[in-house]
Amino acid sequence: MAPKTIVEKIWDRHAVLEEEGKPDLLYIDLHMVHEVTSPQAFEGLRLSGRNVRRPDRTFATMDHNVPTQDRTSISDMIAKKQMETLSANCEEFGIEVADIDSPNNGIVHVIGPELGLTQPGKTIVCGDSHTSTHGAFGALAFGIGTSEVEHVLATQSLWQSRPQTMEVRVEGRLQDGITAKDIILAIISKFGVDFGTGHVIEYTGEAIRGLTMEERMTICNMSIEAGARAGLISPDQVTVDYLKGRRFVEEGGDFEAQAEQWLSYATDEGAEYDAAYVIDAQEIEPMVTWGTNPAQGVSVHETVPAPEDGNTPAEAKAIKQSLEYMDLTPGTKMTDIEIEHVFIGSCTNSRISDLREAAAVANGRTVATGVRAMVVPGSQEIKRRAEKEGLDEVFKNAGFEWRESGCSMCLSMNPDFVPEGERCASTSNRNFEGRQGKGARTHLVSPAMAAAAAVTGSFVDVRDLDKATV
Amino acid sequence: MEPIVVHKGNVGVLNRVNVDTDQIIPKQFLKRVERTGFGQFLFYDWRFNADGSDNEDFELNQPSAEGATILLADHNFGCGSSREHAPWALDDYGFKVIIAPSFADIFYNNCFKNGILPIRLPEDEVYQLMENGKDEVYELTVDLENQKISDDHGFETTFEINDYLRNMLLKGLDEIGITLEYEAHIDAYEKQVNA
Ligand code: SF4
Numbered sequence: 001m002a003p004k005t006i007v008e009k010i011w012d013r014h015a016v017l018e019e020e021g022k023p024d025l026l027y028i029d030l031h032m033v034h035e036v037t038s039p040q041a042f043e044g045l046r047l048s049g050r051n052v053r054r055p056d057r058t059f060a061t062m063d064h065n066v067p068t069q070d071r072t073s074i075s076d077m078i079a080k081k082q083m084e085t086l087s088a089n090c091e092e093f094g095i096e097v098a099d100i101d102s103p104n105n106g107i108v109h110v111i112g113p114e115l116g117l118t119q120p121g122k123t124i125v126c127g128d129s130h131t132s133t134h135g136a137f138g139a140l141a142f143g144i145g146t147s148e149v150e151h152v153l154a155t156q157s158l159w160q161s162r163p164q165t166m167e168v169r170v171e172g173r174l175q176d177g178i179t180a181k182d183i184i185l186a187i188i189s190k191f192g193v194d195f196g197t198g199h200v201i202e203y204t205g206e207a208i209r210g211l212t213m214e215e216r217m218t219i220c221n222m223s224i225e226a227g228a229r230a231g232l233i234s235p236d237q238v239t240v241d242y243l244k245g246r247r248f249v250e251e252g253g254d255f256e257a258q259a260e261q262w263l264s265y266a267t268d269e270g271a272e273y274d275a276a277y278v279i280d281a282q283e284i285e286p287m288v289t290w291g292t293n294p295a296q297g298v299s300v301h302e303t304v305p306a307p308e309d310g311n312t313p314a315e316a317k318a319i320k321q322s323l324e325y326m327d328l329t330p331g332t333k334m335t336d337i338e339i340e341h342v343f344i345g346s347c348t349n350s351r352i353s354d355l356r357e358a359a360a361v362a363n364g365r366t367v368a369t370g371v372r373a374m375v376v377p378g379s380q381e382i383k384r385r386a387e388k389e390g391l392d393e394v395f396k397n398a399g400f401e402w403r404e405s406g407c408s409m410c411l412s413m414n415p416d417f418v419p420e421g422e423r424c425a426s427t428s429n430r431n432f433e434g435r436q437g438k439g440a441r442t443h444l445v446s447p448a449m450a451a452a453a454a455v456t457g458s459f460v461d462v463r464d465l466d467k468a469t470v
Numbered sequence: 001m002e003p004i005v006v007h008k009g010n011v012g013v014l015n016r017v018n019v020d021t022d023q024i025i026p027k028q029f030l031k032r033v034e035r036t037g038f039g040q041f042l043f044y045d046w047r048f049n050a051d052g053s054d055n056e057d058f059e060l061n062q063p064s065a066e067g068a069t070i071l072l073a074d075h076n077f078g079c080g081s082s083r084e085h086a087p088w089a090l091d092d093y094g095f096k097v098i099i100a101p102s103f104a105d106i107f108y109n110n111c112f113k114n115g116i117l118p119i120r121l122p123e124d125e126v127y128q129l130m131e132n133g134k135d136e137v138y139e140l141t142v143d144l145e146n147q148k149i150s151d152d153h154g155f156e157t158t159f160e161i162n163d164y165l166r167n168m169l170l171k172g173l174d175e176i177g178i179t180l181e182y183e184a185h186i187d188a189y190e191k192q193v194n195a
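Protein sequence lines correspond, in order, to chains F and A.
Take the first sequence: its letter number 311 is residue 311 in UniProt numbering, and every next letter is one higher.
Take the second sequence: its letter number 1 is residue 1 in UniProt numbering, and every next letter is one higher.
Take these hints with a grain of salt, some might be off.
[Stated by the list, open to error] Cross-link-like lysine to aspartate or glutamate pairs, in silico, EDC-like; alpha carbons within 20 Å at most: (1) F:22 / A:45; (2) A:191 / F:43; (3) A:96 / F:272; (4) A:31 / F:24.
[What the hints assert, rightly or not] Chain A regions said to be covered by chain F (calculated; three or more residues, Cβ under 8 Å): (5) 33-47; (6) 164-176; (7) 182-190.
Quick caveat, the hints were computed from the structure, so don't treat them as lab data.
The beta carbon of each residue, even a glycine, is placed where N, CA and C say it ideally should be.
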C-alpha cells in the first residue's frame, strides 16, 4: 500500500460519500458547541422540525462571554441570555453541557482534551476558528459557521472538499528556554499569514516530537493564523500517555487496543505532502509581535521594522497601517516598548504548564508600577489544580489578578478589555485591531515572556530576567 | 424552506456598489439569539435618521419600493464579513430575489442556504431594470424553472445558475434537506464503523 499522511487516513475513514463533481460528505465524530455561535443553529432545527442526530457526539460549554470575576451575578444581559439559551437548548435536545456552575466548565478547546473527548483519528468541529487546537492529538479539527453548526447537529456530517496537505518541519533542537508559542509565532512570521491557505498543516520534526501535549496544542491552535484549514501532529506515545485515564477514554484492556488504533493514524514513512516548509529550531528566539496580524512578529532582540522592509508594495502598506495603529516608530527596540496590561490566558496558553511557566517567573517578583496583569485559567479544572499547587498565591503575591476560567481578554466579549490606546502583552492568538477592545494594542507572546513583561513593565528576554530586574 | 419556482414581485432599487454585510446589518444587532427578526434592522444606518425616524431619502423608503420582494443592486453586493445575519435580515424584510451584476462569493452561497435567489445579470440589463423601477412600482416575474426574467411590457431575458443550487431552491430544500436525502448512507456508515 502506498504510504499515506495522517490527513489522508482520517479522510478515507470518514468519507461517507465521494461523488464526482461535488464535495465529499464527511462524517463528524465530535461536535463541540458554545453559547455564541449556536443559538440560531438550534433555532433553525426547531423551525424545520428537525432533531439532533447524535447528542452523544455533541458536547457544549460556555466560555466566550462568561464573566471571569464574579460568576454568580452576570451583569451583561445579552451574555446572560446567550448562556441561558444554550442551557435550554441542551436540555431540549439532550446534549451534555458544562455550564457555568459545572466543575468541567472551561474554554471549549481546553476542556475537549482535558475530558478525553479529543482523540487521535477523530473528525472534530466547533463554531470557533481555533478548533484546530484539537489537532495536537492527531485529530482533524476545524472551525465552522452557524449554518454548518446546524448542519452537523442535524446530520452529523458536512460537505467538504478534500484538503491539500502540507508539512511544516521544525528541524533540529530548540535553544534552552524557547517555548511552543515562540515556535508557532516564528513559523508564521517567517512564512506569512496565508501560507497555509487551502491546506491542512502537519507539524513534524525533532523539535515537535520533543513537545508535551500541552505545547503541541499551542502550536496547532494557531494554524488558522497561518491561513490553514487545520493543523495537526501525528500521535505517538506522548499522546497516548496524556489520554490514559481521562473521562471519555476507554479503560482496562480495551485501552491497549484503542491506543494501537490511535497510533495507526500516524503519517507513514515516505508519505508525500502537497507542500512543505522547513524551519531550523536553532534560529527560533523568544518572539514578540509588533503589528496587527500574527505574522508581524520579531525576536525580542530585534527592532520594529519600517514600511521599506516590506517585500511588496502591499506589505509595505500593511506595515505602515500597523505601525500607525500600534503607535510604534521603526527602529524602536522591542525591549524599549512599555506595556500597561498583561493577559495570561486563552485557548492558546492557559493550561497548567503555561501557568507554571508564568508563575516561575512571577515567583518572588512584583508586577511593575502602572501595569495591570491578569491570569485567566483555561478551565475550572486547571484553576483547581493551580490552586492546589499554590500558583494562585504566587501570582497574587506578585500583584497579578487571579480569575475564573473563560475566553476573557482573548476577544473581550465579556467585561475584560484593554482601554483605547493602551498596550497589552498577551498570550492569546490574535493581535487584530480592536480584538482586545476598541483601539487596544496587542503584542502576542508566550506565558513566560508575558510574566516577564509584567514584572519589568516592558519586553525582555525572559532568559535575561535576572540581569534585567536587579 | 419555501420553494422558489416562479416569483412575481415589485422591485426595490439600491443603486450602490460594494454594499457590504455591515451595511446590510450593522454589528450592534448581531447579539440576538434568534435568526428571525433581523428585518427591522436591515440597512439600519441608511434607512433611519439618527433620531430613529425614517430617512425619506433612502431608496427603499420610496413609495415605488413599497412591498418590494426583488432587490436590484450594483456590483459586489454582500462583500465584507461572512456573517449569515445578512441573508437572514434580507429574507426577514421580505426580499426573495436579489439581482446584481456581481456578488461577493460567501454572500452568494449564504443566500442559497437561506432561501434567497441571487441572480447575476449583465450590467446594462441591471441598469435598465433599475431605470424602469426607480420612480414607480415595477413588477418583474422571475421564473427559476426556465431561468427567465420578464416584465409585463415585453422585456425578457435569461440567466445562468448552477444546477445543484437551482434545484435546492426549486424544491425548497436547504442544504440539510439535501444531506438528509443521503441519510441511508450516514446510517450505513455509522453501522459499519460502529459509531
Ligand atoms: S480563547 Fe479566544 S480563540 Fe480561544 S475559543 Fe475563546 S475566543 Fe476563541
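Each hint, compared with the structure:
1. F:22 / A:45: violated, 39 Å
2. A:191 / F:43: violated, 29 Å
3. A:96 / F:272: Violated - the C-alpha atoms of residue 272 (chain F) and residue 96 (chain A) are around 47 Å apart, more than 20 Å.
4. A:31 / F:24: Given pair residue 31 (chain A), residue 24 (chain F) is violated - Cα atoms ~33 Å apart, limit 20 Å.
5. 33-47: Satisfied; 4 residues make the cut.
6. 164-176: That given contact holds, which follows from 4 residues of the segment 164-176 of chain A lying within Cβ reach (below 8 Å) of chain F.
7. 182-190: holds (count 6)
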